[in-house]
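Engineer: Given chain A's structure and the hints, the job is docking chain B onto it.
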Amino acid sequence: DTEVTQTPKHLVMGMTNKKSLKCEQHMGHRAMYWYKQKAKKPPELMFVYSYEKLSINESVPSRFSPECPNSSLLNLHLHALQPEDSALYLCASSQEVARQGHQPQHFGDGTRLSIL
Amino acid sequence: GNSVTQMEGPVTLSEEAFLTINCTYTATGYPSLFWYVQYPGEGLQLLLKATKADDKGSNKGFEATYRKETTSFHLEKGSVQVSDSAVYFCALTRNQAGTALIFGKGTTLSVSS
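Protein chains in written order, with my numbering: chain A, 6 to 121; chain B, 6 to 118.
Mixed in with the good hints there might be a few duds.
Unchecked claim - List of simulated lysine to aspartate or glutamate pairs, DMTMM-like, C-alpha gap at most 25 angstroms:
id	chain 1	residue 1	chain 2	residue 2
1	A	24	B	47
2	B	65	A	8
3	A	27	B	13
4	A	14	B	89
5	A	46	B	89
6	A	46	B	13
7	A	41	B	47
8	A	43	B	13
9	A	43	B	47
10	A	45	B	59
11	A	46	B	59
12	B	82	B	59
13	B	54	A	49
14	A	45	B	13
15	A	45	B	81
16	B	57	A	101
17	B	110	A	49
18	B	54	A	29
19	A	46	B	81
20	A	27	B	47
21	B	54	A	8
22	B	110	A	90
23	A	41	B	74
24	B	61	A	89
25	B	110	A	89
26	A	24	A	49
None of these hints come from the bench; they were simulated from the model.
One chain only, chain A, in its complex shape (with noise of 0.2 angstroms):
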């Protein structure tokens, strides 16, 4: 079982909808990502927090818009999207991000995203 749970495992949405994906952990982990995958292709990185703070914005579209209530916590907060928005959105959690690095990301199964 992941260490990162994500909801909802499915969503299918129209272009004008909102809805908001979830992430949670309890590893007390201060480091926290939001990742988008293509099919048959790595995962792009979007989003960081580090200590509920935004640190690293990957320029994304506004229609993606993150939130980090409190450290166990990170929502994608979803609007207008696109067609081309359809893939796998997925969340992952490290110690923090001021150390060298050495501590691996823990993913969570991620949910797919389908955008009619």
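Structural biologist: The following block gives chain B in isolation, referenced to the frame of chain A:
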């Protein structure tokens, strides 16, 4: 910035065959190196890691050695099983300041009995 190049598959092997998946990297400084595995319908699982030159990561019969002289981190397993069929990603930290990862393109391994 840092980058990683990974052999692209698919790699098709018979059970008990020897596996090598090549991974080379370009980096400034001393990145940490990782192999992740993704089974169908699942997220990524850490397979092994190495944080400095000459470190050997190992797990579940898989091994990889951090070779600074050849900037490589090749994944090996002496005898693969059908259950090893998955996509394997080589990854490194983007820079020394944090843990954001850059992934290789992934190698699909298919093992038949």
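Engineer: With reference to the structure, classify each hint as holding or not holding.
Structural biologist: Comparing the hints with the structure gives:
1. For the hint pairing residue 24 of chain A with residue 47 of chain B, the CA-to-CA distance comes to about 22 angstroms; that is within 25 angstroms, so the pair holds.
2. For the hint linking residue 65 of chain B to residue 8 of chain A, the alpha-carbon distance of about 19 angstroms falls within 25 angstroms, and the restraint holds.
3. Note on residue 27 of chain A and residue 13 of chain B: the hinted pairing is violated, with a Cα-Cα distance of about 32 angstroms set against a maximum of 25 angstroms.
4. With a CA separation close to 24 angstroms, the supplied pair residue 14 of chain A and residue 89 of chain B stays within the 25 angstroms bound.
5. As the CA atoms of residue 46 of chain A and residue 89 of chain B are separated by approximately 19 angstroms, the hinted pair is consistent with the 25 angstroms bound.
6. Among the hinted pairs, residue 46 of chain A with residue 13 of chain B is consistent with the structure: their alpha-carbon atoms are about 11 angstroms apart, no more than 25 angstroms.
7. A threshold of 25 angstroms between alpha carbons decides the hint, and for residue 41 of chain A with residue 47 of chain B the separation of about 14 angstroms falls inside it, so the pair holds.
8. For the suggested pair residue 43 of chain A and residue 13 of chain B, the alpha carbons sit about 16 angstroms apart, so the restraint of at most 25 angstroms is met.
9. Simply put, residue 43 of chain A and residue 47 of chain B have alpha-carbon atoms about 13 angstroms apart, close enough for the 25 angstroms limit, and the pair holds.
10. This hinted pair does not check out: residue 45 of chain A and residue 59 of chain B have alpha carbons roughly 31 angstroms apart, beyond 25 angstroms.
11. With a C-alpha separation of about 29 angstroms, the suggested pairing of residue 46 of chain A with residue 59 of chain B is violated against the 25 angstroms cut-off.
12. Between residue 82 of chain B and residue 59 of chain B the CA atoms are separated by roughly 18 angstroms; this keeps the pair inside 25 angstroms, and the hint holds.
13. Note on residue 54 of chain B and residue 49 of chain A: the hinted pairing holds, with a Cα-Cα distance of about 20 angstroms set against a maximum of 25 angstroms.
14. Among the hinted pairs, residue 45 of chain A with residue 13 of chain B is consistent with the structure: their alpha-carbon atoms are about 11 angstroms apart, no more than 25 angstroms.
15. For the given pair, residue 45 of chain A sits about 22 angstroms from residue 81 of chain B by alpha-carbon distance, which is consistent with the 25 angstroms threshold.
16. At roughly 19 angstroms between alpha-carbon atoms, residue 57 of chain B and residue 101 of chain A fall within 25 angstroms of each other, so this suggested pair holds.
17. A hinted pair counts as satisfied when its Cα atoms are at most 25 angstroms apart, and residue 110 of chain B with residue 49 of chain A qualifies at roughly 11 angstroms.
18. Taking the CA atoms of residue 54 of chain B and residue 29 of chain A, the gap is near 24 angstroms; set against the 25 angstroms cutoff, the hint holds.
19. Distance hint between residue 46 of chain A and residue 81 of chain B is fulfilled; the C-alpha atoms sit about 22 angstroms from each other, no more than 25 angstroms.
20. For the suggested pair residue 27 of chain A and residue 47 of chain B, the alpha carbons sit about 16 angstroms apart, so the restraint of at most 25 angstroms is met.
21. Proximity of residue 54 of chain B to residue 8 of chain A is assessed by CA-CA distance (about 19 angstroms); at most 25 angstroms being required, the pair is judged to hold.
22. Our distance criterion of 25 angstroms between C-alpha atoms is met by residue 110 of chain B and residue 90 of chain A, whose separation comes to about 19 angstroms.
23. For the hint pairing residue 41 of chain A with residue 74 of chain B, the CA-to-CA distance comes to about 33 angstroms; that exceeds 25 angstroms, so the pair is violated.
24. For the suggested pair residue 61 of chain B and residue 89 of chain A, the alpha carbons sit about 40 angstroms apart, so the restraint of at most 25 angstroms is broken.
25. The hinted pair formed by residue 110 of chain B and residue 89 of chain A meets the criterion: a straight-line CA distance of about 20 angstroms does not exceed 25 angstroms.
26. Between residue 24 of chain A and residue 49 of chain A, the direct Cα distance comes to roughly 21 angstroms. Compliance with the 25 angstroms bound is thereby established for this hinted pair.
When the structure is compared with the earlier hints, violations turn up for hints 3, 10, 11, 23, 24 and for no others.
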